[in-house]
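Knowing the structure of chain G, use the given hints to seat chain E on it.
Chains G and E supply the protein sequences, listed in that same order. Using numbering that gives the first Met the number 0, read the first sequence as starting at 0 and increasing by one per residue. Using numbering that gives the first Met the number 0, read the second sequence as starting at 0 and increasing by one per residue.
It should be emphasised that the hints constitute simulated quantities derived from the structure, not laboratory data. Only a predicted model underlies this, so the values are computations on that prediction, with no experimental measurement involved. We put the beta carbon where it would ideally sit given N, CA and C, even for glycine. Hints are not guaranteed to be accurate.
What the hints assert, rightly or not - Cross-link-like lysine-lysine pairs, in silico, DSS-like; alpha carbons within 27 Å at most:
1. E/Lys33 x E/Lys51
2. G/Lys227 x E/Lys3
3. E/Lys16 x G/Lys199
4. E/Lys56 x E/Lys75
5. E/Lys3 x G/Lys221
6. E/Lys1 x G/Lys229
7. G/Lys271 x G/Lys378
8. G/Lys238 x G/Lys271
9. E/Lys3 x G/Lys229
10. E/Lys80 x E/Lys53
11. G/Lys199 x E/Lys3
12. E/Lys3 x G/Lys20
13. E/Lys1 x G/Lys227
14. G/Lys199 x E/Lys1
15. E/Lys1 x G/Lys221
To be verified - Partial chain G-side listing against chain E, Cβ under 8 Å, derived:
16. Leu95
17. Arg96
18. Leu155
19. Tyr193
20. Pro200
21. Phe215
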Amino acid sequence: MMRIIDGNEAVALAAKLARVKVISAYPITPQTTVVEKLAEYISNGELDAEFIKVESEHSAMSACIGAAATGVRAFTATSSQGLLLMSEMLYVASGLRLPIVMTNANRSVSAPLSIWCDQQDSMTVRDSGWIQLYCENNQEILDTTIQAFRIAEELLLPVMVCYDGYILSHTLEPVDCPEQSEVDAFLPEYHYPYALDPEKPVTMGPVGVPEYYMEFRYLLQKAVQESKAKIVEIDHEFKKRFGRGYGILEEYRSDDAEVVILTMGSLSSSCKEIVDSLRQRGEKVGLVKLKSFRPFPTEEIIEALGRAKAVAVVEKDISLGHAGGLFIDTAAAFVNTREAPLMINFICGLAGRDVTSALLEQAVRETQRAAETGRVEKKIRWLGLQEKLVEE
Amino acid sequence: MKLKPGAVITEPGNSEKYETGGWRTFCPSVDPAKCTGCGLCWLFCPEAAISKGKPPKIDLRYCKGCGICANECPVKAITMKEGCRQ
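For reference, chain G alone in the conformation it holds in the complex (with noise of 0.2 Å):
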């Protein structure tokens, strides 16, 4: 059915369609309204879940870590401050290999304070070994949730879906919702393999001692860094159900284009305008808009950006004394490579600030430059600085 809802309501119905039972999460910002439109679906009887209300993010992803172990399906979402908090239990998440699902709307963090839109926060636990998927509108939003409890329980890993603050958290567009016994098809029957049961007696945590923790942090590397074949699977399945997929990144007119835009989230919508609309004037400019981000297809990479002569990387976020995340997790794709395009990384959209048509232009145009005359001047450029108010 056609409903008009936001991304936060997105989340809200996938977690409900997905059958969650404990659903543990700070109520108070940088909270969304996801975890109230919950709590309002158990309150009238629509949802079956226990929900802990905690006093912290920390608290919450320590309470889904025990849901899960249980033996339940657990869910939380999150953002900004919230997931920073929350990082000490992330890695504990991953690390005891608990089929968690957490939604992010990515937010900016602190100082200055701010609650506006960029992806710092999730960029900043990208280690954690959570899969990582962005969302670039409402509806990728509920099919990638939905998506995402399969993926965690087939391979025992947590899995964050990660979608732009206000510009999709808070903004209301049109979503194709499954009915419940489509997804109840799709998504069978929470099961944790060494679940919590005094009959069968197991430990978790153990100390990891110099001689085994190695071989575990070795074992989660291989998980996540195979995990990339399960999401394309599941992924084809749920096309086939529902008639929508996203596959591990999208290539959009990239084909045979000279200057591609690399990016994630919601920008990819404004990239593929201005890619039609530099398209129409019969310039060679294409997309790739990466969903997975953990695990990084390196090889998918290399395949959609390596025929191009110049990349833009346009990303929302930074890793300060060094350059945005995903500029330099492309860069170390291409490693050992022999025909690595040229790239540019373009920092924009930090806090809210808008990223307009014409900033995306002018990265295409700088970009366009680097391919021309073989030659990038700047290697990390702020798109739509305030360059009068940081001059010396």
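Here is chain E on its own, set in the frame of chain G:
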């Protein structure tokens, strides 16, 4: 041995398979002439690595070399020495 995902241990009481002797820096050495067989070392050993007897038998597969036995021995029959291995 196959490692389980998330380091879950599904076999209760399997810590005896983990030999902690490798942690040891100092090694207890018993002087049988001094030992009275009182059993205090057996009682105090936190690893249960000592069997009662005169002299007691120390299982070096598990002895971490903590030195509690030497400290508790009322007749100083146990001394901690560097370098001894299994």
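Here is how each hint holds up against the structure:
no. : hint                : result
1   : E/Lys33 x E/Lys51   : holds, 15 Å
2   : G/Lys227 x E/Lys3   : holds, 21 Å
3   : E/Lys16 x G/Lys199  : holds, 19 Å
4   : E/Lys56 x E/Lys75   : holds, 16 Å
5   : E/Lys3 x G/Lys221   : holds, 14 Å
6   : E/Lys1 x G/Lys229   : holds, 23 Å
7   : G/Lys271 x G/Lys378 : holds, 23 Å
8   : G/Lys238 x G/Lys271 : holds, 22 Å
9   : E/Lys3 x G/Lys229   : holds, 20 Å
10  : E/Lys80 x E/Lys53   : holds, 20 Å
11  : G/Lys199 x E/Lys3   : holds, 15 Å
12  : E/Lys3 x G/Lys20    : holds, 25 Å
13  : E/Lys1 x G/Lys227   : holds, 24 Å
14  : G/Lys199 x E/Lys1   : holds, 19 Å
15  : E/Lys1 x G/Lys221   : holds, 15 Å
16  : Leu95               : holds, 4 Å
17  : Arg96               : holds, 3 Å
18  : Leu155              : holds, 5 Å
19  : Tyr193              : holds, 4 Å
20  : Pro200              : holds, 5 Å
21  : Phe215              : holds, 5 Å
Checked against the numbered hints listed earlier, the structure breaks none of them; every hint is satisfied.
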